[in-house]
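Asker: On the provided structure of chain A, position chain B as indicated by the hints.
Number of protein chains: 2
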Amino acid sequence: MNIVFVLFDNVTQLDFTGPVQFLSRLPGAKVHVVSKDGAAVKTDCGFSILPRSGFGQCLQADVLCVPGGHGVRDAIADTALVDFVRQQAKGADYITSVCTGAFILGAAGLLQGKKATCHWAYTQFLPLFGAMYQPARVVRDGNVITAGGVTSGIDFALELIAAISGEALARTIQLALEYDPAPPFGGGSLARSNHETVRHLRASVYDKAAAEMEIAIKNII
Amino acid sequence: MNIVFVLFDNVTQLDFTGPVQFLSRLPGAKVHVVSKDGAAVKTDCGFSILPRSGFGQCLQADVLCVPGGHGVRDAIADTALVDFVRQQAKGADYITSVCTGAFILGAAGLLQGKKATCHWAYTQFLPLFGAMYQPARVVRDGNVITAGGVTSGIDFALELIAAISGEALARTIQLALEYDPAPPFGGGSLARSNHETVRHLRASVYDKAAAEMEIAIKNII
Chain A
1 MNIVFVLFDN VTQLDFTGPV QFLSRLPGAK VHVVSKDGAA VKTDCGFSIL PRSGFGQCLQ
61 ADVLCVPGGH GVRDAIADTA LVDFVRQQAK GADYITSVCT GAFILGAAGL LQGKKATCHW
121 AYTQFLPLFG AMYQPARVVR DGNVITAGGV TSGIDFALEL IAAISGEALA RTIQLALEYD
181 PAPPFGGGSL ARSNHETVRH LRASVYDKAA AEMEIAIKNI I
Chain B
1001 MNIVFVLFDN VTQLDFTGPV QFLSRLPGAK VHVVSKDGAA VKTDCGFSIL PRSGFGQCLQ
1061 ADVLCVPGGH GVRDAIADTA LVDFVRQQAK GADYITSVCT GAFILGAAGL LQGKKATCHW
1121 AYTQFLPLFG AMYQPARVVR DGNVITAGGV TSGIDFALEL IAAISGEALA RTIQLALEYD
1181 PAPPFGGGSL ARSNHETVRH LRASVYDKAA AEMEIAIKNI I
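Just so you know, the protein sequences line up as chains A and B, in that order.
Numbering-wise, the first sequence is residues 1 to 221 according to my numbering.
Numbering-wise, the second sequence is residues 1001 to 1221 according to my numbering.
Misleading hints may appear alongside valid ones.
With a cut-off of at most 30 Å between alpha-carbon atoms, the simulated BS3-like pairs for lysine-lysine come out as follows [what the hints assert, rightly or not]:
id, chain 1, residue 1, chain 2, residue 2
1, B, Lys1030, B, Lys1042
2, A, Lys42, B, Lys1042
3, A, Lys30, B, Lys1036
4, B, Lys1030, A, Lys36
5, A, Lys208, A, Lys42
6, B, Lys1030, A, Lys42
7, A, Lys42, B, Lys1036
8, B, Lys1030, A, Lys208
Quick look at which bits of chain A chain B covers, simulated, 3 or more residues with Cβ under 8 Å [claimed, not checked]:
id, region
9, 27 to 37
10, 48 to 59
11, 141 to 150
12, 153 to 160
These are computed hints drawn from the structure, not numbers from a lab.
A virtual CB, placed ideally from N, CA and C, is assigned to each residue, including glycine.
The following block holds chain A by itself, in its conformation from the complex (with noise of 0.2 Å):
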């Protein structure tokens, strides 16, 4: 089984290693992580990416990953990028992304008529590519999956490993990994934080985020 996640500059990087680290623990699976020319990634935590491969030299995913971030608004002007992930999703058992990864998928025609989601200060942009915003931390319909923002990526996995190998394997990979979160603060959701602290995030980062993401999108669209 090969496993496909797709990098791109300025990518989320733990919207890709959250999945990556439960994944790469599939018994039969092998991980390819690709980027367009197989150079280094620049992530947005001070540190690079060094992919096994680029595009070129990628096997056909059984299983194709696209992550999010910031890069995403970038990522989907680039035609070879997103040729790369339609090809590949013809042939994938599952087409998944994490974050604002779904946008992605969308610029490939990926999401028309699917219930999907992602991060949570962008879903209001999934009707742009025919999708149906849902409001759950993992959507699936059919083989295509999308998750919430950045963490949901660990919870996808699990759900994933589940499906193609049992749930068995998935709680044996789930204890290897330790995960058995215990935030020191509930909230980390739109809806169940405090008002206060999604006033402040939405005024300091999203507002402005959100608002070049839209550019991006109908620039494509």
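Answerer: Same frame as chain A, now just chain B:
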């Protein structure tokens, strides 16, 4: 504020990529991902990480964080790495580890007389470094904070952010990264996983891995 992550080959990448995603959002924080010679570090997940610099170019850490992984067996015998951690710890406000990264702190003499934790399959080795194991996901003893296995690094990061900058900021970063975890299954810790999952995982992975870690530790203490 300088936040320094110490990498080495065969690091369990989520030990590091979880906390770095959260801590890099601290206003005023600068993340320094370093390896001994500044060269790319192989992770356990089919890709490498290009650090910011080598040890020699690294500024004094305010927060020092050491991840774990099977590479710890070699890392604790690497005197340049252990010396770097010991030197950095002298000037750091917080000395921290995730997973078996605790043994690198231990090799540097930083766990002597300290309450600490690490990945559930290796906790029996903490006393070899003079530490007292505490069964918690995150353990703080003075300025030494140790986290359990892999994903516990995320909960650790939120606790550290709250300690440094207050709960309101921690909640804001938690929402930005949509950390309202919803594992599809219970379990994920020794206390909450079923007996069969624990037995299978010990037999297939951790009996051998722990024996190898014990040999590596006894070689250097």
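Asker: Against each hint, give a clear statement of whether it holds in the structure.
Answerer: Verification of the hints:
1. B:Lys1030 with B:Lys1042: Answer holds: Lys1030 (chain B) to Lys1042 (chain B) is near 23 Å, not above 30 Å.
2. A:Lys42 with B:Lys1042: Given pair Lys42 (chain A), Lys1042 (chain B) holds - Cα atoms ~16 Å apart, limit 30 Å.
3. A:Lys30 with B:Lys1036: holds, 28 Å
4. B:Lys1030 with A:Lys36: holds, 28 Å
5. A:Lys208 with A:Lys42: Status holds; Cα separation ~22 Å.
6. B:Lys1030 with A:Lys42: Within the cut-off at roughly 16 Å; holds.
7. A:Lys42 with B:Lys1036: Holds - the C-alpha atoms of Lys1036 (chain B) and Lys42 (chain A) are around 20 Å apart, at most 30 Å.
8. B:Lys1030 with A:Lys208: holds, 23 Å
9. 27 to 37: holds (count 4)
10. 48 to 59: Result for this restraint: holds, n = 5.
11. 141 to 150: That given contact holds, which follows from 3 residues of the region 141 to 150 of chain A lying within Cβ reach (below 8 Å) of chain B.
12. 153 to 160: The restraint on the region 153 to 160 of chain A holds, since 4 of its residues have a Cβ under 8 Å from chain B and three suffice.
Hint compliance for this structure: every hint is met.
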